[in-house]
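Residue numbers (our numbering), protein chains in the order written: chain A, 1 to 472; chain B, 1 to 472; chain C, 1 to 86.
Wrong hints could be hidden among the right ones.
To be verified - Computed cross-link-like contacts, SDA-like style, restricted to lysine to any residue with a CA-CA straight-line distance of at most 20 Å: (1) A:K170 to A:V156; (2) A:K398 to B:K170; (3) A:K107 to B:R472; (4) A:K398 to B:R97; (5) A:K181 to A:H165; (6) B:K170 to B:V276; (7) A:K398 to B:T99; (8) A:K398 to B:V276; (9) B:K398 to A:T96; (10) B:K398 to A:V156; (11) B:K107 to A:G466; (12) B:K107 to A:N108; (13) B:K398 to A:E89; (14) B:K398 to A:R100; (15) B:K398 to A:G101; (16) A:K107 to B:K170.
By construction, these hints were calculated from the structure, which means they are not laboratory data. All values reported here derive from a predicted model rather than from experimental measurement.
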Amino acid sequence: MVVGDVTTGTELLVIGGGPGGYVAAIRGAQLGLDTTLVERDAYGGTCLNHGCIPSKALISASDVAHDARQAESMGVFADPAVDMAGMTEWKDGVVTRLTRGVESLCKNAGVNLVEGTAEFVDDGTVRVAHGGEGQGSESLSFEHAIVATGSRPMTVPDFEFDGEHILPSKDALALESVPEKLLVVGAGYIGMELSTVFAKLGAEVTVVEMLDDVLPGYEDDIAAVVRDRAEELGIDFNFGEAADDWNETDEGIRVQTVDEDDTVTEYNAEKCLVAVGREPVTETLALENIDLQTDENGVIPTDDQCRTAFESVFAVGDVAGEPMLAHKAMAEGEVAARAAAGEPAAFDHQAIPAAVFTDPEIATVGMTESEAEAAGFDPVIGQMPIRANGRALTVNEKEGFVRVVADADEEFLLGAQIVGPEASELIAELGLGIEMGARLEDIAGTIHTHPTLSEAVHEAAAAARGEAVHTR
Amino acid sequence: MVVGDVTTGTELLVIGGGPGGYVAAIRGAQLGLDTTLVERDAYGGTCLNHGCIPSKALISASDVAHDARQAESMGVFADPAVDMAGMTEWKDGVVTRLTRGVESLCKNAGVNLVEGTAEFVDDGTVRVAHGGEGQGSESLSFEHAIVATGSRPMTVPDFEFDGEHILPSKDALALESVPEKLLVVGAGYIGMELSTVFAKLGAEVTVVEMLDDVLPGYEDDIAAVVRDRAEELGIDFNFGEAADDWNETDEGIRVQTVDEDDTVTEYNAEKCLVAVGREPVTETLALENIDLQTDENGVIPTDDQCRTAFESVFAVGDVAGEPMLAHKAMAEGEVAARAAAGEPAAFDHQAIPAAVFTDPEIATVGMTESEAEAAGFDPVIGQMPIRANGRALTVNEKEGFVRVVADADEEFLLGAQIVGPEASELIAELGLGIEMGARLEDIAGTIHTHPTLSEAVHEAAAAARGEAVHTR
Amino acid sequence: EPAVTQRVQVAAPPSVRRLARELGVDISNIADSSLGRITESDVRAHANTDSYSSTQEQSNQQTAAAERQKQQAPSTQSVSSVQARE
Ligand SMILES: Cc1cc2nc3c(=O)[nH]c(=O)nc-3n(C[C@H](O)[C@H](O)[C@H](O)COP(=O)(O)OP(=O)(O)OC[C@H]3O[C@@H](n4cnc5c(N)ncnc54)[C@H](O)[C@@H]3O)c2cc1C
Ligand SMILES: Cc1cc2nc3c(=O)[nH]c(=O)nc-3n(C[C@H](O)[C@H](O)[C@H](O)COP(=O)(O)OP(=O)(O)OC[C@H]3O[C@@H](n4cnc5c(N)ncnc54)[C@H](O)[C@@H]3O)c2cc1C
Chain A
1 MVVGDVTTGT ELLVIGGGPG GYVAAIRGAQ LGLDTTLVER DAYGGTCLNH
51 GCIPSKALIS ASDVAHDARQ AESMGVFADP AVDMAGMTEW KDGVVTRLTR
101 GVESLCKNAG VNLVEGTAEF VDDGTVRVAH GGEGQGSESL SFEHAIVATG
151 SRPMTVPDFE FDGEHILPSK DALALESVPE KLLVVGAGYI GMELSTVFAK
201 LGAEVTVVEM LDDVLPGYED DIAAVVRDRA EELGIDFNFG EAADDWNETD
251 EGIRVQTVDE DDTVTEYNAE KCLVAVGREP VTETLALENI DLQTDENGVI
301 PTDDQCRTAF ESVFAVGDVA GEPMLAHKAM AEGEVAARAA AGEPAAFDHQ
351 AIPAAVFTDP EIATVGMTES EAEAAGFDPV IGQMPIRANG RALTVNEKEG
401 FVRVVADADE EFLLGAQIVG PEASELIAEL GLGIEMGARL EDIAGTIHTH
451 PTLSEAVHEA AAAARGEAVH TR
Chain B
1 MVVGDVTTGT ELLVIGGGPG GYVAAIRGAQ LGLDTTLVER DAYGGTCLNH
51 GCIPSKALIS ASDVAHDARQ AESMGVFADP AVDMAGMTEW KDGVVTRLTR
101 GVESLCKNAG VNLVEGTAEF VDDGTVRVAH GGEGQGSESL SFEHAIVATG
151 SRPMTVPDFE FDGEHILPSK DALALESVPE KLLVVGAGYI GMELSTVFAK
201 LGAEVTVVEM LDDVLPGYED DIAAVVRDRA EELGIDFNFG EAADDWNETD
251 EGIRVQTVDE DDTVTEYNAE KCLVAVGREP VTETLALENI DLQTDENGVI
301 PTDDQCRTAF ESVFAVGDVA GEPMLAHKAM AEGEVAARAA AGEPAAFDHQ
351 AIPAAVFTDP EIATVGMTES EAEAAGFDPV IGQMPIRANG RALTVNEKEG
401 FVRVVADADE EFLLGAQIVG PEASELIAEL GLGIEMGARL EDIAGTIHTH
451 PTLSEAVHEA AAAARGEAVH TR
Chain C
1 EPAVTQRVQV AAPPSVRRLA RELGVDISNI ADSSLGRITE SDVRAHANTD
51 SYSSTQEQSN QQTAAAERQK QQAPSTQSVS SVQARE
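Here chain A stands alone, though its shape is the one from the complex (with noise of 0.2 Å):
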C-alpha cells in the first residue's frame, strides 16, 4: 500500500458496468454484499452506449421510414423525409433515458458507485485511478472481484480508425449525416445492421467480405434470406476480398481490396465501416500483477462459476469470451454474484439464444441440424415458411421460416432457427422449450394465439413429427 493512500474496503467488487459488470453489481448487493462497481467510461457499457441500444433505435427508426416507402402496395402512400441529426438525436435520448437508468436501480440496489479505472494489485486489491487529471487514485479491497471489461472491435491492419473516414461500430452508430457512399468491411451481424439501417436511410452501401456469403456461422438458407433482401435493398456484396489499403480522394476515401489471386478491386466512398469482430478488453486491468493468464484470444478463461484461476475472482461477459452477445453478460454476471455470495450457483444453461436484427430478423437457439449430429443425435427437423403464416402475410411478410431441431428417438428439443418477422422474439418460446427439457408434442400441444407467428413455431414442431395441418 502506497504511503498516504488510503484502502477502502468492498465484499464484491465488480470491474466495468456493462451488461455483465451492472447485474452482477446489482444481484451482489441484493444478496448483501457490500458490493462496488468500478466504471471508467459509461453505465451500461458497449451495449447500451454503442452497440446493441443504439443499433437497434436506428434499425427502428430507419424501418418507420422504409416500411411506409414501401407501402403502396397496401394502399399508403408516403415519402417520409428524415431528419439524421433528429433521429440521432432520439435515439441518444433512448441512451440517456436507460443509462440513467442502470445507474439508478445500482443505486437503488445500494451499489457504491466508483468511477475511473481499476488495475490489479494483487488477488485481493485494485488500485482505482480516477479520470481526468490530478484526480488521483485510491486503493479497493476486495473478497471477490468480478471483471467485466468487455470487448472492442478488432481492426484490420493500415486501417487505423481515425474518427473521419474509417469507423468503428461506434463511430457509424453516431454519425450526424447519411454518407451518400458507405463502405462496410465484413458481412458479420454488425455490418450487416448497420449496412440495413444505412441503405435504409438512403446510403450506397457497398458490403465487402473474406468469406464467401453473409453472416458466417449461420447455415445457408439462413443467410440467403437476408442478403436477398439486403440486395432488393441495393446493397452490394463483394464476397471473397479483404480490405488491403485506402487513400484520400477529392470527394472521400479510395479503399483496395484483394481477393485470394491478389486482383485489386477499388471502392469509392465517403465512410468506411470496419466491422471484422471483437476482443476482449484486459490491458486496462493491469493482469500482469496478479499473474492472470489471457488465452490465445486474449480471453480470461473461466470454469462453470465464472471463476477465473483465482480463487477470489470472477470474469463475465465478453472478457470471457464467445458468445459475446449481452444477455450471455448478463446471465454470467448473475452466476458469479451468487457463487461470490456463496450459492451452488452455475452457468449450466442448456442454451443461449442469438439474434441479429437485419430484415428480416434472425433468431437461434441451442443446436442446429448438423450440430446435432455431430454431437451423436438423429436429428429430425420440422419447418413452417413464414408465407405459409397468415398473420405474416397480414403484416405483409412472406420471406422466412421457422426451424425446430430434436432428436428423433425421444423428440425432445435440440435447438431452433428462425429468420422472419419478430424471430428475435419468437425464440422466446423455444428457448424455455429447450430449458425444460420439452418434447416436440409439447409445443404441438400448446395451443398458439391465431393469428400470429408464434403459430409458425407450433406448426414447425408438428411438422418435426409429420403432423403438420398448415404445410404438406
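Model the placement of chains B and C with the ligands on the given structure of chain A, informed by the hints.
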C-alpha cells in the same frame, strides 16, 4: 332416403370449413379416415374471410400509415396518403391467398370437398343442399360427424344490419372508403380493434358501451392502457349507454342511446358498427331432426373429447361455446378428429391464450390474480413495466406491462397478462410454460435474448420471486 | 368476449398427459402424490401399480369424463396436494 337420391358414405363428415372444421378435416384425413368437408360459403370460415385475417390486415396497414405520421420525434417526417380502395384490394388479396391455401391443404390431405349446406337427417346421415337454384341436394351417410358451423354477430333490437348504415364487423371490414364519422356500438375486442383502425385511417370515431369501461372481462389496469391510447387517437367513449334507436338524416344517420336514468343522447354518424358479441350458428343444421339440444346460449354442449350427446357427433369451435377464438376452434377440431379416429385424445389443455390486436396489443393466458385466488391458490404476482425494457424504447414504445401469476408455495406459473407491443407473440412462451408446468425460476433461469421484449417476461418472473434486476 | 376458460391444474407437459390417457392413468391421482412436476416415469410407474390401468381402453372415456369434471370444478385437489407437499 328419398327416392332417386344417391347416398354416398364417408367415415368422417365435417360440417363447416372455418378453423375448427378445416383443421378437423385435414387431421382426420391424415389419420387415414375417409373425410368429407361440407362448406356452404367460403373456406376458412369467419376467421379467414370476415374476422381474424381481414381485421389484422387492416390493423397493420393502418399502422404503417399511422406510425409514419407519428415518427417526428424519431426524425422521420411523413404525411402518408391512404387509398382505401387499394388497402381493401391488398387485404382481399391476403384473404384470397389464405383461403385458397386452406382449400389446397384440404385437397392435398385427401379431403373430399363438397359445397353446400348440410342438414341432419339422423345421427348417421345429412342432406347437403347445394347452393344456387336447381342445384339439388344429396344425402351423405357418416360414421362420425364434426359440427363446426361457427357463430354470427348478435344484433341489438331495432338495429338490424342493413348493409348500408347499420353494419356488422364483416361489412365494416369491407368498406371501400373511410367513413367520416363512425359510431361503434360495443367496446369489446372487435369494437376496439375496428375503432382503432378507422381512427388511424382518419375517421371521427365515437364508441358507446353499456358497461363502464372498454374491454369488459379484462382487468382494469389492462383496459386503461388501451383506453388511454385510444383516447389519444381521438376516439370518444361514452359508457353506460345502450343503443336504443336510429333514423336516417340528410348527412347519414342519427343514433339515440339511453343510460340507466333514461337520459337520451344523440349521435350523428355516417355508419354505425354494431359489435356486441357473437352467438352460435345452429339453425343451418336442422338439429331438430336428431333432437340435439343446445344450451341457453345456443351452444351445443360437448364433453372433453368434443363429443355431443350423440356418440357419433362432435361439435367444435364457436358453435361449441366460449372462448370463441380461432385457435380454440383449431385445437378442438384436432381433438375431435383424433377421437373420431379412435385415439385417446382429450381437450385437456391447461390454458387457452387470447389476444386483442388493439394499440397496444393485449394478450392473456391462464389465470388472473383474482381468478387464482378464487381457485384456492395463494397467488404471487410479478410485473415488469414496458418503459423499463430497452427494446421497447428502441421501438418508441413506453406503455404497458408484463404480469405473471404463480402460486406462492411451489411457484408454478398459473397465468400471465400482457399489454404492450407484440403482446400477442410474447404470450406464446408463457403458454408453453403453463402447459409444461414451469415454475417462475424456470422462466427466470432461461436466458432471454437482448434486446427483446421477451426480457420483460423474464423480468416479470424474476420480480415475482423478489429477484428483479431491472425494476425496483 | 374472449372470456378464457381457466384450467391450470396439473404440472405435467402435454406429452405426459397424453401418455397418461393412453395408459388409462388418471393424472390427477399422480398429482396428489407427486412432488412437483409430473414426468413420464411417474406416469409409467403409476400405470404399473394403478388398478385403473387394468381396465384399459374402455376406461379412457371414463377417465376423460372424470378429468373433465375436475377441470370444471375449482382445483381444491391440486391446492390440497400443494399444501401436502410442504
Ligand atoms: C454495434 C454493436 C451491436 C451489438 N448488438 C448486440 C445485440 O443486439 N445483442 C447482444 O446481445 N449483444 C450485442 N452486442 C454485443 C454487446 O454489446 C456485448 O456483448 C456486451 O456489451 C458485453 O457486455 P460486457 O458487460 O461484457 O462488456 P461492455 O458492455 O463492453 O462493458 C465493459 C465496460 O467495462 C468498462 N471498463 C473496461 N475496463 C475497465 C477498467 N479497468 N476499470 C473500469 N471500467 C472498465 C468499459 O468502460 C465498459 O463500460 C453489440 C455490440 C456492438 C458493438
Ligand atoms: C372481426 C372479427 C375478428 C376476429 N379476430 C379474431 C382473432 O384475432 N383471433 C381469434 O382467435 N379469433 C378471432 N375472431 C373469432 C374467430 O373468427 C372465430 O372464433 C372462428 O372463426 C371460429 O371458427 P369456427 O370454425 O368455429 O367457425 P367459423 O369460422 O365461423 O366457420 C363456420 C363455417 O361453417 C359454415 N357453415 C355454417 N353452417 C353450415 C352448414 N350447415 N353446412 C355447411 N357449412 C356451414 C359457415 O359458412 C362458415 O364458413 C374474430 C371474429 C371476428 C368477427
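Hints, verified against the model:
Of the supplied pair hints, the one linking K170 of chain A and V156 of chain A holds, its CA atoms being roughly 16 Å apart against a limit of 20 Å. Annotation: proposed proximity of K398 of chain A to K170 of chain B is violated, straight-line Cα distance about 26 Å (limit 20 Å). The straight-line distance between the Cα atoms of K107 of chain A and R472 of chain B is roughly 11 Å, inside the 20 Å bound, and the hint therefore holds. With a C-alpha separation of about 12 Å, the suggested pairing of K398 of chain A with R97 of chain B holds against the 20 Å cut-off.
Restraint check: the Cα-Cα separation between K181 of chain A and H165 of chain A comes to about 12 Å, which is no more than 20 Å; the hinted pair holds. A distance of roughly 13 Å separates the Cα atoms of K170 of chain B and V276 of chain B; the hinted pair therefore holds under the 20 Å criterion. Simply put, K398 of chain A and T99 of chain B have alpha-carbon atoms about 16 Å apart, close enough for the 20 Å limit, and the pair holds. In summary, the hint linking K398 of chain A to V276 of chain B is not supported, as the alpha carbons are separated by about 34 Å, beyond the 20 Å threshold.
The suggested pairing of K398 of chain B with T96 of chain A holds, with an alpha-carbon distance near 15 Å, which does not exceed 20 Å. Pair hint K398 of chain B plus V156 of chain A does not hold up; C-alpha atoms about 40 Å apart against a cutoff of 20 Å. As the CA atoms of K107 of chain B and G466 of chain A are separated by approximately 17 Å, the hinted pair is consistent with the 20 Å bound. Proximity of K107 of chain B to N108 of chain A is assessed by CA-CA distance (about 62 Å); at most 20 Å being required, the pair is judged violated.
With a C-alpha separation of about 18 Å, the suggested pair K398 of chain B and E89 of chain A falls inside the 20 Å cut-off, and the hint holds. With a C-alpha separation of about 16 Å, the suggested pair K398 of chain B and R100 of chain A falls inside the 20 Å cut-off, and the hint holds. Distance hint between K398 of chain B and G101 of chain A is fulfilled; the C-alpha atoms sit about 14 Å from each other, no more than 20 Å. Annotation: proposed proximity of K107 of chain A to K170 of chain B is violated, straight-line Cα distance about 55 Å (limit 20 Å).
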